[in-house]
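> Okay, here's what each chain looks like letter by letter:
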Amino acid sequence: MSEAWRYFLLLFGAAVVANILLIRFIALCPFFGVSNSLETSLGMSISVIFVMTMATSVSWIAWNYVLEPLGVGEFLYIPTFILVIASLVQFVEMVIKKTSPPLYKAMGIYLPLITTNCAVLAAATESVKPGFFTKLNIAYHYGFVESIVYTIGVAVGFSLVLILFAAMRERLELAPIPKFFRGVPIAFITAAIFSLAFMGFAGMFGL
Amino acid sequence: MDKEERKRTLRGEFLKGFITTNPLLVLMVGLCSALAISTRVENCIFMGLAVIFVLTCSNVIISLIRNFIPDQVRIPIYIVVIASFVTIVDLTLKTIPPVYERLGVWIPLIVVNCIILARAEGYASSAKVSHAFMDGLGIGLGYTVVLLIMSVFRELFGTGKIVLFNATIIDLHIKAVPVILIMFPGAFITFAMLSALLQWHQARRKPESKEGSG
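As they're listed, the protein sequences go chains A and B. The first sequence begins at 1 in this note's numbering and counts up one residue at a time. The second sequence begins at 1001 in this note's numbering and counts up one residue at a time.
Each hint should be verified, as a subset may be incorrect.
[As the list claims (entries may be wrong)] Here are a few chain B residues that sit away from chain A, every Cβ distance over 12 Å (derived from the structure): (1) 1094; (2) 1133; (3) 1175; (4) 1184; (5) 1186.
[As the list claims (entries may be wrong)] Each computed SDA-like pair below joins lysine to any residue, with the alpha-carbon atoms no more than 25 Å apart: (6) A/179 to B/1198; (7) B/1094 to A/179; (8) B/1161 to B/1172.
[Stated by the list, open to error] Restraint-style ranges between C-beta atoms, simulated for each label pair: (9) A/142 to B/1097: 39 to 45 Å; (10) B/1009 to A/83: 31 to 37 Å; (11) A/40 to B/1019: 27 to 33 Å; (12) B/1175 to A/71: 49 to 55 Å; (13) A/72 to B/1197: 34 to 40 Å; (14) B/1018 to A/182: 21 to 27 Å; (15) A/178 to B/1019: 30 to 36 Å; (16) A/61 to B/1068: 30 to 36 Å.
Simulated from the structure, these hints should not be mistaken for lab results. For clarity, every value in this text was computed on a predicted model and none was experimentally measured. Glycine included, each C-beta is placed from N, C-alpha and C at the ideal position.
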């Protein structure tokens, strides 16, 4: 299997086959929270792709060059990663505010929310901590590039579903829905059908 | 505040987690873990215990130190407190390999479980220690109860029986089971049903309570 093909499989698998929202149920809170309108979900998606990739790179370096050599990874990885993510989010927020006001205007309000986005911590943990990554049956070495590719895949999968779902929910506002199913329940039923559709990707390319 | 009133408040703090501020159904926080692990009753028992432990302990600690925390750095401090308790749970559960394997990434993810941070920020940071303790216990139990309802429904009808600690508790003896319930869409459907049920319950109760409170 060539390197490029393996990276493609990793990306595709993380984004679609083991979609973080619909197949693995990670990060559902921001999913149902911001999917009310297409515009907010676009802003959220861009911020998530950006922060997630950075968070994984920093966590990977922290794990491989600090925690693992010192032999404290098992005890300290949770506080380390979450602090890395929290401070990174703060840092990114400050940098964007200074350098690009229009981008800050678009991403600003979503950045603090991302700290508690489980997907960021999940991607960081899975791409550095051997043992958690079991969903995709392809050889995986936890190298730096692989971690980044995997994380981008996860983030793209998150964005894809978030945007699709937001578009769907805007239509649902107008649909005649039984009284007690309005609001949250119908959103979950829609998510169930989406999830069913995404299960169809299972087994594609042998993943 | 006299003794009786305080007692009533403590009880109220404890009970509100079940219906009025149920974390899953009303506050809509902590959904991710609830949907993902409710395929088996056994998972839910361990997950519920883990969340109750972390929530109660972090609530108490945050309530104890609430007057010393500078306002600007409160979120990182909360996260460090929560992360320490999650690490305790993580290392404890590691001694039960099959459970640890099944709960997998969900244990470290308790740190970013919105329930715990939301209670720390929204409640424990401005409450008395005893109230924070009761709140943690109540909200944790409310979470566990919904988890158990979902998992009993999903495991019983999705697989036809409930297996708890390697012993079959209930066996329906049916061959054709709706497997979809223990698959991914089943989680969404089950939760949608519970949520609709709650809306129905609230709609039924509303006319009476509206007259009373206005």
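> Each hint: holds or not?
Hint check results:
no.	hint	verdict
1	1094	violated (8 Å)
2	1133	holds (23 Å)
3	1175	holds (23 Å)
4	1184	violated (5 Å)
5	1186	violated (8 Å)
6	A/179 to B/1198	holds (12 Å)
7	B/1094 to A/179	violated (46 Å)
8	B/1161 to B/1172	holds (6 Å)
9	A/142 to B/1097: 39 to 45 Å	violated (21 Å)
10	B/1009 to A/83: 31 to 37 Å	holds (35 Å)
11	A/40 to B/1019: 27 to 33 Å	holds (30 Å)
12	B/1175 to A/71: 49 to 55 Å	holds (52 Å)
13	A/72 to B/1197: 34 to 40 Å	violated (47 Å)
14	B/1018 to A/182: 21 to 27 Å	holds (24 Å)
15	A/178 to B/1019: 30 to 36 Å	violated (23 Å)
16	A/61 to B/1068: 30 to 36 Å	holds (33 Å)
In this structure, the earlier hints numbered 1, 4, 5, 7, 9, 13, 15 are contradicted, and the remaining ones agree with it.
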